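Chains as they are written, first to last, in the numbering used here: chain A, 1 to 311; chain B, 1 to 278; chain C, 1 to 348.
No wet-lab data here; the hints were simulated from the structure. One or more hints might be untrue.
Footprint (simulated), chain B over chain C, 3 or more residues, beta carbon under 8 Å [claimed, not checked]:
| id | segment |
| --- | --- |
| 1 | 121-135 |
| 2 | 161-174 |
| 3 | 205-212 |
| 4 | 220-231 |
Note that the structure is a prediction, hence the values are computed from the model and not measured. No residue lacks a Cβ here, since even glycine has one placed at the ideal position from N, Cα and C.
So the chains spell out like this:
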Amino acid sequence: MVEPPAVGGLAVAHAIGSLAAPPAPPAATRSVTEPRAVRWLLMGLALGFLALFLVLPLVTVFEQAFAKGLATYADAITQPVAVSAIQLTLLTAAISVPANLIFGVAAAWCIAKFEFAGKSLLTTLIDLPFSVSPVISGLIFVVLFGAQGFFGPFLQANGVKIIFAVPGIVLATTFVTFPFVARELIPLMQAQGTEEEQAALSLGASGWQMFRRVTLPNITWGLLYGVILCNARAMGEFGAVSVVSGKIRGATNTIPLHVEILYNEYHVAAAFAVASLLTFLAVVTLVAKSFIAWKFQQPDAGGAPEPPSGA
Amino acid sequence: MTARAWKQHSILPGFGLSLGFTLLYLCLLVLIPLSGLFIKSASLGPAEFWNVISGPRALASYRVTVLSALTGAALNAVFGFIVAWVLVRYSFPGRRIIDGLVDLPFALPTAVAGIALTTLYAPNGWLGQVLTPLGIKTAYSSLGIVIALTFIGLPFVVRTLQPVLQDLDVEYEEASASLGANRWQTFTRVILPPLMPALLTGFALAFARAVGEYGSVVFISSNIPLETEITPLLIMTKLEQFDYAGATAIDVVMLLASFVMLLVINGLQWWSRRRLGA
Amino acid sequence: MIRSLAVSTLSLALLATACAPGAPDPAAGGGAVAAKPAVKLLNVSYDPTRELYQQFNEAFAAYWKQQENQDVTFEQSHGGSGSQARSVIDGLEADVVTLALSADIDAIADKAQSLPADWQKRLPNNSTPYTSTIVFVTRKGNPKGIRDWSDLVKPGVQVITPNPKASGGARWNFLAAWSFALKGANNDEARAKDFVSALYKNVPVLDSGARASTLTFAQRGLGDVALSWENEADLMLNEFGKDKFDIVYPPSSILAEPPVAVVDKVVDKKGTRAVAETYLNYLYTEAGQRIAAKNHYRPRLTAVAAEFKASFPDLKLVTIEDFGGWPAAQKKFFADGGLFDQLYTAGR
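Chain A extracted, bound-state conformation:
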């Protein structure tokens, strides 16, 4: 039976929700399938396409990073400015990701478990940052908090630095990664329905007990995936951060900005070396996601139930 897609007008969220779907094992015996030649052709096309667009760029990053040898690589990533860029990136992610995580859970809770007027408007609004260009995402904060912005004079008078300092970068990053967790959780929680929570309540659980013991275990997998994606995007954001950063070496540069700076200083191998850190993180992200998907496919007595889209 075909599973009805998630309701609630959150089309994009459904697509992303399906991003979380583990690859189902192929139908073992299909009585109807393509002739062999066609199959090979299709496989060739698919793998060729992926090799061209995915594998080659990936390999290029690492090849260029090590082009000048291991010593250059190690030097590039241990320079003080590189280290400070790594620290700033980690700090930014450490603030944006939990903030968006809490928001995501809250938003998913009220949207998925309740019916109220204006729900689809709310979900569309939540989706907005995803469709806003990164350049705009940075610009809006400059318009608000820059010296010529709406709050500029007030901030300057009180010595509060937002743009061209860490808070601006955190804000821009949080904005850009805003919907990730929410969009992951909403279709998931919608598909799970409210029966289990209601049962828990009727059996005497308090609100928090119900949340901790019934809801959270059900959404763990989706939550993890949303956090992983949010984190990858937060660490890799370039456009929005470059508008609000000020590019002060050693102070307001994140890893992507530092990559750009190295690139502009002719230190191409070093640029790719630092970039390879983020690429490596991306690969780890993918592996983690596959692992989570694999784990949830195991017939696991104590584990959470299967994610709905794979049912």
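Chain A is fixed; fit chains B and C onto it per the hints.
Just chains B and C now, kept in the frame of chain A:
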């Protein structure tokens, strides 16, 4: 009307708290900054606003952006379909790894993708060395933009199609085959129609994503005004000329376009639900 | 409850990072005389000066320590000149700005009122301690035989130059080409326009900065000739190999004057005026001029210029004054709808 008439009654707790927090966060982080944008561009006045967003360079940039995004999304629609099909229906060694790899454009920072693609396709890059003698200019041309945007949108079509493909009931194919249809007929008349909404949704998503893309395109494009200048770059250029109002005006156009895309995607989703539900 | 606790902690963290002043530098210890607390200067500069200021900052820090027994550290920010000016206008707290052209600093004075409108008169030589010019860089052996500006419009020649709307260096490039064309056409503006139009038709990529442009030429292998700052050209050869490129000096070019200025609003607020002013003055001293010359910037000081004469060939140079100053040039050529825009809208 009672205070709660707009919401269905539910015994689940936490509605007020979660909704309140959601709205607060949404306002602070998203709505207020975005409205600041509209206010700033409004300082231009309607006539000047229209001038800016309809100037020749702006119009050319919309054309470049939209056409490149459409081409990239179309490439993704075709090849993404094939990839999804192969991943769902066939089994081969390494299938799981390749399936995981599809999410790479999602996880890789755009700037890294940009310099990697440029390095690959430049005249002295691995692929550029092969293609340039053939007269195919990839980096620093419109083709380069399409390549970058195809990379960016790759996961969308594949991931939208996969669950629907998985859930397709094989009974219909079997019935069709038993009634004498050949494989191609079965494909076009039985398999493809239920996939169309998902395919279109994936296409729309890839398109929407490609339209706003900056980091990966700006390295590989030649950025020639009126030819290969994408709208986000035009915004940046206006910013650097201290033309904030102009930059925000074009921002507004892009925002409205994205909003319309979102509505389209929602509409597609609704259609898909009607098609497949019950 | 846990949730609200988490929210409040996060907002506190956010607020803390916003309000906390920069970490207090450890006061310079050791000297018998009471050492003043360390001071930090932010120098917002344009793209190619990274190497210059790395060396200069080191020299100045040593000098200042000796004079005033105070530690001074530097923060540098580099980017396209226009883009850097925008950041300063938006609140980037630069103590000094060292940009590619005076129009960019004028914009800061005009839009942010951070320094007086007559800032350029405060330092000698129009606030330009060193100058540069625009030269050609070709592939080794100069296979296309490019000697002068007129060679740039020959069919089949690919020229690399950045986008004047974004890059300061690109604007100097444009004006140099224009002045050559105007002279050759006996001040006939229409023919000069044709020349520049033909030149830009030969440009395959418009990068947004001088560095990006250099990378396209040197690293990516695109183009037959790059128009470049003189100091960038030398740097290119040093970085990528003298055996790969040739520097060709055209007979005539433009005197590019990248100015420096103290940002009054910031130094008065931070109390760093004395250091900042001495910092810029140090650029004019023999030590400073020598560092500039070593980094291939043309020094103003005649003694140092004589010393480095061999590195800086003589060219016939026009100046920005021949264009009526930057405000006029900016308006005529680079503003919206100006000449550069017309080149592109006229159909390629």
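*With a cut-off of 8 Å between beta carbons, are at least three residues of the segment 220-231 of chain C near chain B?*
This one holds; 3 residues, not fewer than the three required, reach chain B with a Cβ under 8 Å.
*Test coverage of the segment 161-174 of chain C by chain B using CB-CB distances below 8 Å; three residues minimum.*
This one holds; 3 residues, not fewer than the three required, reach chain B with a Cβ under 8 Å.
*Verify the coverage statement for the segment 121-135 of chain C against chain B, using a C-beta to C-beta distance below 8 Å and requiring 3 or more qualifying residues.*
violated (count 0)
*Taking a Cβ-to-Cβ distance below 8 Å as contact, does the segment 205-212 of chain C have at least three residues touching chain B?*
holds (count 4)
Comparing the model with each earlier hint shows a violation of hint 1 alone; every other hint is respected.
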